[in-house]
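Asker: Letter by letter, the chains look like this.
Number of protein chains: 4
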Amino acid sequence: MNQSNSNYILTASCPSRIGTVDVVTRFLCESGCYISELNSFDDELNQRFFIRVEFAQEGSGKFDEKAFKQGFGERSKAFDMEWELTDKSYRPSVVIMVSKYDHCLNDLLYRYRTHNLPVDIKAVISNHEDLRSLAQWHDIPYHCFPISHETKSQQEAQVQQVLDDSGCELLILARYMQVLSDSMCEQWSRKAINIHHSLLPGFKGAKPYHQAYDKGVKLVGATAHYVSSDLDEGPIITQGMANVNHTYYPKDLIKKGKDIEALTLAKAIQYHIEKRVFLFNDKTVVFERS
Amino acid sequence: MNQSNSNYILTASCPSRIGTVDVVTRFLCESGCYISELNSFDDELNQRFFIRVEFAQEGSGKFDEKAFKQGFGERSKAFDMEWELTDKSYRPSVVIMVSKYDHCLNDLLYRYRTHNLPVDIKAVISNHEDLRSLAQWHDIPYHCFPISHETKSQQEAQVQQVLDDSGCELLILARYMQVLSDSMCEQWSRKAINIHHSLLPGFKGAKPYHQAYDKGVKLVGATAHYVSSDLDEGPIITQGMANVNHTYYPKDLIKKGKDIEALTLAKAIQYHIEKRVFLFNDKTVVFERS
Amino acid sequence: MNQSNSNYILTASCPSRIGTVDVVTRFLCESGCYISELNSFDDELNQRFFIRVEFAQEGSGKFDEKAFKQGFGERSKAFDMEWELTDKSYRPSVVIMVSKYDHCLNDLLYRYRTHNLPVDIKAVISNHEDLRSLAQWHDIPYHCFPISHETKSQQEAQVQQVLDDSGCELLILARYMQVLSDSMCEQWSRKAINIHHSLLPGFKGAKPYHQAYDKGVKLVGATAHYVSSDLDEGPIITQGMANVNHTYYPKDLIKKGKDIEALTLAKAIQYHIEKRVFLFNDKTVVFERS
Amino acid sequence: MNQSNSNYILTASCPSRIGTVDVVTRFLCESGCYISELNSFDDELNQRFFIRVEFAQEGSGKFDEKAFKQGFGERSKAFDMEWELTDKSYRPSVVIMVSKYDHCLNDLLYRYRTHNLPVDIKAVISNHEDLRSLAQWHDIPYHCFPISHETKSQQEAQVQQVLDDSGCELLILARYMQVLSDSMCEQWSRKAINIHHSLLPGFKGAKPYHQAYDKGVKLVGATAHYVSSDLDEGPIITQGMANVNHTYYPKDLIKKGKDIEALTLAKAIQYHIEKRVFLFNDKTVVFERS
Numbered sequence: 118m119n120q121s122n123s124n125y126i127l128t129a130s131c132p133s134r135i136g137t138v139d140v141v142t143r144f145l146c147e148s149g150c151y152i153s154e155l156n157s158f159d160d161e162l163n164q165r166f167f168i169r170v171e172f173a174q175e176g177s178g179k180f181d182e183k184a185f186k187q188g189f190g191e192r193s194k195a196f197d198m199e200w201e202l203t204d205k206s207y208r209p210s211v212v213i214m215v216s217k218y219d220h221c222l223n224d225l226l227y228r229y230r231t232h233n234l235p236v237d238i239k240a241v242i243s244n245h246e247d248l249r250s251l252a253q254w255h256d257i258p259y260h261c262f263p264i265s266h267e268t269k270s271q272q273e274a275q276v277q278q279v280l281d282d283s284g285c286e287l288l289i290l291a292r293y294m295q296v297l298s299d300s301m302c303e304q305w306s307r308k309a310i311n312i313h314h315s316l317l318p319g320f321k322g323a324k325p326y327h328q329a330y331d332k333g334v335k336l337v338g339a340t341a342h343y344v345s346s347d348l349d350e351g352p353i354i355t356q357g358m359a360n361v362n363h364t365y366y367p368k369d370l371i372k373k374g375k376d377i378e379a380l381t382l383a384k385a386i387q388y389h390i391e392k393r394v395f396l397f398n399d400k401t402v403v404f405e406r407s
Numbered sequence: 118m119n120q121s122n123s124n125y126i127l128t129a130s131c132p133s134r135i136g137t138v139d140v141v142t143r144f145l146c147e148s149g150c151y152i153s154e155l156n157s158f159d160d161e162l163n164q165r166f167f168i169r170v171e172f173a174q175e176g177s178g179k180f181d182e183k184a185f186k187q188g189f190g191e192r193s194k195a196f197d198m199e200w201e202l203t204d205k206s207y208r209p210s211v212v213i214m215v216s217k218y219d220h221c222l223n224d225l226l227y228r229y230r231t232h233n234l235p236v237d238i239k240a241v242i243s244n245h246e247d248l249r250s251l252a253q254w255h256d257i258p259y260h261c262f263p264i265s266h267e268t269k270s271q272q273e274a275q276v277q278q279v280l281d282d283s284g285c286e287l288l289i290l291a292r293y294m295q296v297l298s299d300s301m302c303e304q305w306s307r308k309a310i311n312i313h314h315s316l317l318p319g320f321k322g323a324k325p326y327h328q329a330y331d332k333g334v335k336l337v338g339a340t341a342h343y344v345s346s347d348l349d350e351g352p353i354i355t356q357g358m359a360n361v362n363h364t365y366y367p368k369d370l371i372k373k374g375k376d377i378e379a380l381t382l383a384k385a386i387q388y389h390i391e392k393r394v395f396l397f398n399d400k401t402v403v404f405e406r407s
Numbered sequence: 118m119n120q121s122n123s124n125y126i127l128t129a130s131c132p133s134r135i136g137t138v139d140v141v142t143r144f145l146c147e148s149g150c151y152i153s154e155l156n157s158f159d160d161e162l163n164q165r166f167f168i169r170v171e172f173a174q175e176g177s178g179k180f181d182e183k184a185f186k187q188g189f190g191e192r193s194k195a196f197d198m199e200w201e202l203t204d205k206s207y208r209p210s211v212v213i214m215v216s217k218y219d220h221c222l223n224d225l226l227y228r229y230r231t232h233n234l235p236v237d238i239k240a241v242i243s244n245h246e247d248l249r250s251l252a253q254w255h256d257i258p259y260h261c262f263p264i265s266h267e268t269k270s271q272q273e274a275q276v277q278q279v280l281d282d283s284g285c286e287l288l289i290l291a292r293y294m295q296v297l298s299d300s301m302c303e304q305w306s307r308k309a310i311n312i313h314h315s316l317l318p319g320f321k322g323a324k325p326y327h328q329a330y331d332k333g334v335k336l337v338g339a340t341a342h343y344v345s346s347d348l349d350e351g352p353i354i355t356q357g358m359a360n361v362n363h364t365y366y367p368k369d370l371i372k373k374g375k376d377i378e379a380l381t382l383a384k385a386i387q388y389h390i391e392k393r394v395f396l397f398n399d400k401t402v403v404f405e406r407s
Numbered sequence: 118m119n120q121s122n123s124n125y126i127l128t129a130s131c132p133s134r135i136g137t138v139d140v141v142t143r144f145l146c147e148s149g150c151y152i153s154e155l156n157s158f159d160d161e162l163n164q165r166f167f168i169r170v171e172f173a174q175e176g177s178g179k180f181d182e183k184a185f186k187q188g189f190g191e192r193s194k195a196f197d198m199e200w201e202l203t204d205k206s207y208r209p210s211v212v213i214m215v216s217k218y219d220h221c222l223n224d225l226l227y228r229y230r231t232h233n234l235p236v237d238i239k240a241v242i243s244n245h246e247d248l249r250s251l252a253q254w255h256d257i258p259y260h261c262f263p264i265s266h267e268t269k270s271q272q273e274a275q276v277q278q279v280l281d282d283s284g285c286e287l288l289i290l291a292r293y294m295q296v297l298s299d300s301m302c303e304q305w306s307r308k309a310i311n312i313h314h315s316l317l318p319g320f321k322g323a324k325p326y327h328q329a330y331d332k333g334v335k336l337v338g339a340t341a342h343y344v345s346s347d348l349d350e351g352p353i354i355t356q357g358m359a360n361v362n363h364t365y366y367p368k369d370l371i372k373k374g375k376d377i378e379a380l381t382l383a384k385a386i387q388y389h390i391e392k393r394v395f396l397f398n399d400k401t402v403v404f405e406r407s
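Chains as they are written, first to last, in the working numbering: chain A, 118 to 407; chain B, 118 to 407; chain C, 118 to 407; chain D, 118 to 407.
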């Protein structure tokens, strides 16, 4: 295949019924598009269909996104499909929120700097000054909005202003140690990813490594999930884990957990950007890559 | 969907060109078949297309395999497709070859006995008597064909006779410690799976755990692969591994490796039966299930 | 070293203070014992010391256990040590309790049969008849004591009778789906190991795989722990895990989890028998072998 | 225990004989030292004993290293011990060599910057300019010594000068893509760690990910080992691995492997610094921490 053309990802989801795959693949075929990878799944308990297709238009002509969307929109209407067309070269605008821990931020910025995380990082926002120089070395604007019980809503307004100004499409909470308000969770539903430092639903809330130590578990982990107004209850995207033993005091668990937290968050973001993640009924379908 | 009907798996492979997915999915749609899972992959370096579809016919009528095959055969002819239709409830006839080690055999028989390995085990063949009672407790015929340098070709004829008589479709070498002849390898090409107790291509040949010990590696593993006439060089289906350290002498590696060998072989067989494995250019495409 | 003599394991635990290691190692040296492996750990938060030593007496004389115990008892008295001397060749008497699931039982019996689990299995007890033939093929007495709400205490008396008669030293709950009474938990404290099919403390109680499915987790696991009267709250010995995804319905999680449950239980038993596990404050210190 | 005093690590190795543990532990006890962790191992095939002890002197007095060394030296003489006393707070001087890939360097510098890698990085040396700004942001001198076939020995002299000037105690090859000369390997024997991007002994030499792709393996890995004059044959310290499948072209394997390479190298360095690694007969004994 001529792979010099742009590559696209088409994702769609709808109630289960016959013809769901066909309506997608026939349209692609008729549009002269070559499918390089396709995954579909039918959730038989929820009667819900999910599909993800990577494709490229054959030939030398420019791909007409508008015509594609109009055409596919008409075709798929009868299936009540939620669908999205994504240019694989598109890099969504991202804002990262942090507090004082820098392991996730450092990992994300490294991937970004080396072109291994195809996003456009518009800003880093923190409630502390600590990580300013790290952001600045990467030429990324850093906003420090301190927070106190009294100023919480005001601080969120500042945050929201940055998100609005930067055209943020994905908000990443990279060990941001504050709870977002319900309204903010609502507004960023499906568009905000958090990393929690435990294998949820175990050890929700504060100090999960201390909870893990008290419980004497033999493995710890991290969970990347979409943010929801129920703290640490949002839809899980991916999880990672590491073996530990009795020689790990809480401070050691905290240290050991950093690598797995950073890797798990990066993986979730990658899956999100590559449109591998579908949300349905507070759970995810993830066409992951092993 | 009405899942009371039989479920089928359609697998196909052909040179890459536009319309490969469409020719499959359109035919399924027009035949009233609902797709519950689909995976396709286009190998862009080899310009080769692979697809695996699970589907069920809608409605109350009986699925007409013959008509389906004829219809799809005509449709797909232009694509030079190699394809196969498999009834998900079909249990292929299997023969297992062993020597004295029983961990893989025991594991396979357990899965078979508890209906977790959808095969029909026709016979166990060994060059030793040791595992007869294990096979017999599972009501499986056990053939002991001793082997010596002089009797090798004669012994293989005996083996082949059992394979022929039993209508064997898949030959499993579950730690069979003899090398098959080239002609036998040829004949069972793509239809014989071996488990080797190392992470191939490391430690080919005899006593891989002793080789691993001498080398001081910190992890050992097992490789399930299709048998080929190049010893331990056949296409790899799946691999498993386990951490070890300096306290593991060769006898300990042998002991520790048993679990991972059994799990890796069982996984490969499961993938083979579920038609998740494609062979091309001495390598595999495996639509694995994480 | 002359390893033809018996090998022994000495384990001890006491409050932290200077000289704890020395009192052990000096006595061993003076007794002509060669240490082949030693691990000690000092829990600095709990000010508690743990030590495990494998040793063999040098020379051709027979090891005098009684003299050793008397001598070490006197030496260690000042340290308020809890200690134990174990002959490595000693195989403790074990009783296994099951219900209908056989994957853990099958795995344990296989290891037992092939001399990879150094125990003496005295009996299998179940509240169902299903697994009788499996036990019998291994020549192990099988007791079926059905249970109902009314007969629970009576059934436990029957169980206790078997445990008493067999001189049971370790009770293994290999997916026994009944809750033991508080008094029974009390009596078998530190001497009963259970396998729970989740990563505790997540998903306690009934149907953990269904809970895991509902929650949409991306990895499932198993926890082997000592039985306590708080259901699924006993000290954790070891945990195992496996990756899963959206294609796993509860029935698939149940099936996938079987391997990890069996491996995790077997590992915990091995650690227990090899005296690698210490209990303190409802948690364990485990000198595990990677 | 009073942990305010300095903590020390004593490591020793000698031929196996009775009393090896005792000579260590008795001296520590008599010197008023409290042992917080001890691991010993006796290699029964090689008749070699290894021990590692973490301890702290009790009380308020300053630990007299010189007296300790003199005293222990005398005591241990009869055992032909190789031994070393290490202050846990000591940070060895380190030089890192790189070429163009920065993932390992970035990871090491991050751990260094956040005080999670207790070394003193004296310099980064490269044969290219590419990674200068990364080193400089961490305030570490960067030396670029280009290399060609003609200038190889001259370049090594430059490298050696930096190592000498900086008092380098550990040389880290963090994806340095040049082969060191035999004499340099000899000189830095036991003091230079390399990361190779395969599971050695598989895929030695150049382009291991391409080799892995051609072979169709289902898992890739990384090996951290001491440098020796036999390329990629030095004693293995630790290994890491990651699952891959048919969708990974060589460029994807390269990308995926970066995380495991960085983690594996960092782990090996940590083990080396914490004196967990012993070398004997071209293999290692590693008292690893799970």
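Worth flagging that the hints you see were computed from the coordinates, not collected in a lab. Check each hint, because a few of them may be wrong.
Identical copies go unnamed one by one, so any copy, or any two together, can satisfy a pair.
[To be verified] Lysine to aspartate or glutamate pairs mimicking EDC-like chemistry, simulated, CA-CA at most 20 Å apart:
#1 Lys332 <-> Asp347
#2 Lys321 <-> Glu201
#3 Lys372 <-> Glu161
#4 Lys373 <-> Glu273
#5 Lys321 <-> Asp349
#6 Lys373 <-> Asp160
#7 Lys308 <-> Asp204
#8 Lys384 <-> Glu175
#9 Lys194 <-> Asp256
#10 Lys368 <-> Glu246
#11 Lys392 <-> Glu154
#12 Lys179 <-> Asp160
#13 Lys321 <-> Asp331
#14 Lys321 <-> Asp256
#15 Lys217 <-> Glu147
#16 Lys368 <-> Glu154
#17 Lys179 <-> Glu273
#18 Lys269 <-> Glu161
#19 Lys392 <-> Asp369
#20 Lys205 <-> Glu161
#21 Lys372 <-> Glu303
#22 Lys269 <-> Glu303
#23 Lys205 <-> Asp160
#24 Lys368 <-> Asp160
Asker: If a hint holds in the structure, say so; if it does not, say that too.
Answerer: Status of each hint after checking the structure:
1. Taking the shortest Cα distances, Lys332 and Asp347 sit within 20 Å of each other only across copies (13 Å), while inside one copy they are farther apart (24 Å).
2. Taking CA atoms no more than 20 Å apart as the test, Lys321 paired with Glu201 passes in neither setting, with 33 Å inside one copy and 39 Å between copies.
3. In this assembly of identical chains, Lys372 and Glu161 lie within 20 Å of each other by CA distance solely across copies; the values are 18 Å between and 42 Å within a copy.
4. For a Cα distance limit of 20 Å, the shortest separation of Lys373 from Glu273 qualifies neither inside one copy, at 32 Å, nor across copies, at 37 Å.
5. In this homomeric assembly, Lys321 and Asp349 come within 20 Å of each other (Cα to Cα) both inside a single copy, at 6 Å, and across copies, at 18 Å.
6. Taking the closest pair of Cα atoms, Lys373 and Asp160 come within 20 Å of each other only across two copies (18 Å); inside a single copy the shortest separation is 37 Å, beyond that limit.
7. Taking the shortest Cα distances, Lys308 and Asp204 sit within 20 Å of each other inside one copy (18 Å), while across copies they are farther apart (42 Å).
8. With identical chains, the CA atoms of Lys384 and Glu175 are never at most 20 Å apart, being 31 Å at best within one copy and 38 Å at best between copies.
9. Taking the closest pair of Cα atoms, Lys194 and Asp256 never come within 20 Å of each other, the shortest separation being 44 Å inside a single copy and 57 Å across copies.
10. In this assembly of identical chains, the alpha carbons of Lys368 and Glu246 never lie at most 20 Å apart, being 23 Å within a copy and 38 Å across copies at closest.
11. For the homomeric pair Lys392 and Glu154, the shortest alpha-carbon distances inside one copy (13 Å) and between copies (18 Å) are both at most 20 Å.
12. In this assembly of identical chains, Lys179 and Asp160 lie within 20 Å of each other by CA distance neither inside one copy nor across copies; the values are 36 Å within and 24 Å between.
13. When the C-alpha separation of Lys321 and Asp331 is checked against a cutoff of 20 Å, the pair qualifies both within a copy, at 14 Å, and between copies, at 17 Å.
14. Taking the shortest alpha-carbon separations for Lys321 and Asp256, neither the intra-copy value of 35 Å nor the inter-copy value of 39 Å comes in at or below 20 Å.
15. In this assembly of identical chains, the alpha carbons of Lys217 and Glu147 never lie at most 20 Å apart, being 53 Å within a copy and 45 Å across copies at closest.
16. Taking the shortest Cα distances, Lys368 and Glu154 sit within 20 Å of each other only across copies (17 Å), while inside one copy they are farther apart (44 Å).
17. For the homomeric pair Lys179 and Glu273, neither the shortest alpha-carbon distance inside one copy (43 Å) nor that between copies (53 Å) is at most 20 Å.
18. With identical chains, the CA atoms of Lys269 and Glu161 are never at most 20 Å apart, being 44 Å at best within one copy and 40 Å at best between copies.
19. Proximity of Lys392 to Asp369 under the C-alpha cut-off of 20 Å is restricted to the inter-copy arrangement: shortest distance 18 Å between copies versus 35 Å within a copy.
20. Within a single copy, Lys205 and Glu161 get their C-alpha atoms only as close as 30 Å, which misses the 20 Å cut-off; across copies the closest is 17 Å, which meets it.
21. For the homomeric pair Lys372 and Glu303, neither the shortest alpha-carbon distance inside one copy (32 Å) nor that between copies (35 Å) is at most 20 Å.
22. In this homomeric assembly, Lys269 and Glu303 come within 20 Å of each other (Cα to Cα) only inside a single copy, at 17 Å, whereas the closest approach across copies is 50 Å.
23. Taking the shortest alpha-carbon separations for Lys205 and Asp160, only the inter-copy value of 18 Å comes in at or below 20 Å, while the best intra-copy value is 26 Å.
24. With identical chains, the CA atoms of Lys368 and Asp160 are at most 20 Å apart between copies only, with a shortest distance of 14 Å across copies and 42 Å within one.
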